[in-house]
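Residue numbers (our numbering), protein chains in the order written: chain H, 657 to 1020; chain E, 330 to 626.
Be careful, since some hints might not be right.
Straight-line Cα separation of at most 20 Å, SDA-like style, residue types lysine to any residue; simulated pairs [said to hold, decoys possible]:
no., chain 1, residue 1, chain 2, residue 2
1, E, K359, E, G484
2, E, K359, H, L796
3, H, K955, E, G437
Some chain H residues judged to face chain E by a derived CB distance under 7 Å, without partners named [claimed, not checked]:
no., residue
4, I735
5, L796
6, I930
7, A981
8, P984
9, F987
These are calculated hints, taken from the structure and not from any lab test. All C-beta atoms in this analysis are idealised placements derived from N, C-alpha and C, irrespective of residue type, glycine included.
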Amino acid sequence: MSSNRWLATGNYFTSYKEEQRIFFTSLDKTAMCLLLLCLFAWPFFFDLDNKYMLVIDNILVAVIAVIGLNLVTGFAGLISIGHAAFVGIGAYTVASFARVLGDNHVLVTHAWPLMILLAGCSGAIFGAIVGLPALRLKHLYLAIATLSFQMIFQWTINFMNFFNQGQTISVGRVYWLTGEVSRSKHYMFWYYAILVILVILGFAVRNLLRTRYGRCLVAVRDNDRAADAMGMHPGFTKVYAFGLAGFLAGVAGALHAYLYRGVGIESFTLQQSINYLAMAIVGGLGTLPGSFLGPLAIKVLDLQVGNVSEWVGAHLTFTTNLATALRPLSFGLVIVLFLMFEPRGIANWWRILRSYVKLWPFRY
Amino acid sequence: MSYFFQLVVSGIVVGSIYALSGLGFVLIYKSSRVLNIAHGQIIAAGAFITYALTVWVHIPVYISLPISMVITFFLAMSVERVFLRRLIGEPIISVIMVTIGLMSIIDGLIYLTPFGTENFSFPPFLPKAPIAFGGVSISWTQLVGVIITFTMIGGFSWFFKKSTVGISMRAVSDDQMAAMSIGISVPRVFGLAWATAGLSAAAAGSIIGNITGLNFDTLHAFGIIVFPVVILGGLDSILGAVVAGIIMGLIQQFASGYLDGNWGLNGTGEVMPYIILLVILLFKPHGLFGIHEIERV
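Between the sequences and the hints, there should be enough to build the whole structure, so can you do that?
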């Protein structure tokens, strides 16, 4: 292998082990470390408004959910139109604890890492149950199964008194080693908490994709008969993909519940499911960096759409519902345009840029 | 007992509309294997066009309905031409996601108009007093709606059985390669399938609008409830869509008629179809009349 992979003209892997490393060069590793350092350190240098801090926290939560969606839709090739419902399962797990025990019970406020884990597990269980038709069916029917799960979830929340009929169920402030996390530090605290969880989960998923359990997802997506012949069980693999996606979604849901200190149905509707799909598509299906870039791009777009509709609403008085109109319009356009012109998403731009630099000045 | 028959009558009314909406969905799936998730939005668009023509342009309903059907015909055809034509041959997963995007786009476009948030109702053009016999009553709008629905379903059956275009559409759904080799233009058939789906969707939307009033959320829900209907009937069977539509209408009416209010349940009519859908997917995924061609993996 060449000493500098950035200048090498090809890859010179001599074993599969080499090809499966997380970091190919020390430069990659350094860049990653620097990025992480920046992510952890920047709040010490910049003072950000709480409004924007919430947006950043939101992006991180969405990244966790989209990694899950990407596992099931991108890597395993199964469309899930009910991802917001899985996120909702996680959030409502926390909410039901808060509702039964009281929203300031010690289990909810002190043992929040346990709650997050529990929410992830309940998400995984529901994911596996919804994925059960995968034992017999192909993607088309699975899309419908997840859609119907989304509808059943919305009905359950909207009509049951236990879930406050979709109205907000409040969740208490959490405690950290230094005591109760105060109002002013709330978003900062959760920024770090979510970031730590995200880094752990991100590396876990990256590692998973190197193992046989991760690679069998891709194998089943590419050709399920060949995968079957190679000794994998495509049906169980699909159920397991749904379980994994459900786990990540559940964790994201619990974080969402704690971040907003409450749970309401409006964050887990069909529209939200479509937003998650848009994030996964824009980022790039089947790529891990895409799961980070997609939510970032869509949330920034969302912010801009909000600004534009506010600006237009201030100038044109006759359009009262412009914001409700512009959101689905722009998200739909983004989904369709990306699928038509850049089906591999933003992650592909990075690949293009990289090969451009690599081949310069002798490009094709 | 008359309560039971009342539920049966309203179940058949709702079910026939489901059948008509499901018909359009099956048409698209049958010819091009595309799962059209935006069908509810096309239904809504058709209904709103009929309303706009009737109330804003002052055309009588029995003329504006055919005009709106023709407009939706071309609208759906252009949707196919612009968005889906270039995706022929792409993996089915991206085609389905394009229709999800389309759903979002049409949602946004409808929210731009007053129809997105406000409620409208068609001016009544039929006698208001319901027809009653033996304790069971049905309103004139419902009766006319059911008659139009069954006429259209009959018309479509004739179209597929006898007309050249219909036969070529069936040929494409059977075997694209063979259809191409005898000179049928497959992309044109895809376009036509979308167009006829738009036609039936506009009719369905207008009938719903006349019976329940125009509300975007309601019309939207009709597009999603189409899924349980077509899965129960078998995704590629027109007869299945009709039968399953009526079964689903009956189930919904019975669920909300007998379950609601007991055991603390509410709105069961809304959720019952989806529970049935999940059960069918687990045990009989090809539905009542679908072809048993599902691969087991």
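Hints versus structure:
1. K359/E x G484/E: Distance ~18 Å between K359/E and G484/E Cα, so the pair holds.
2. K359/E x L796/H: At roughly 13 Å apart (the allowed maximum being 20 Å), L796/H and K359/E satisfy the hint.
3. K955/H x G437/E: Roughly 18 Å separates the two Cα atoms, so the pair holds.
4. I735: holds (6 Å)
5. L796: holds (6 Å)
6. I930: holds (6 Å)
7. A981: holds (3 Å)
8. P984: holds (4 Å)
9. F987: holds (5 Å)
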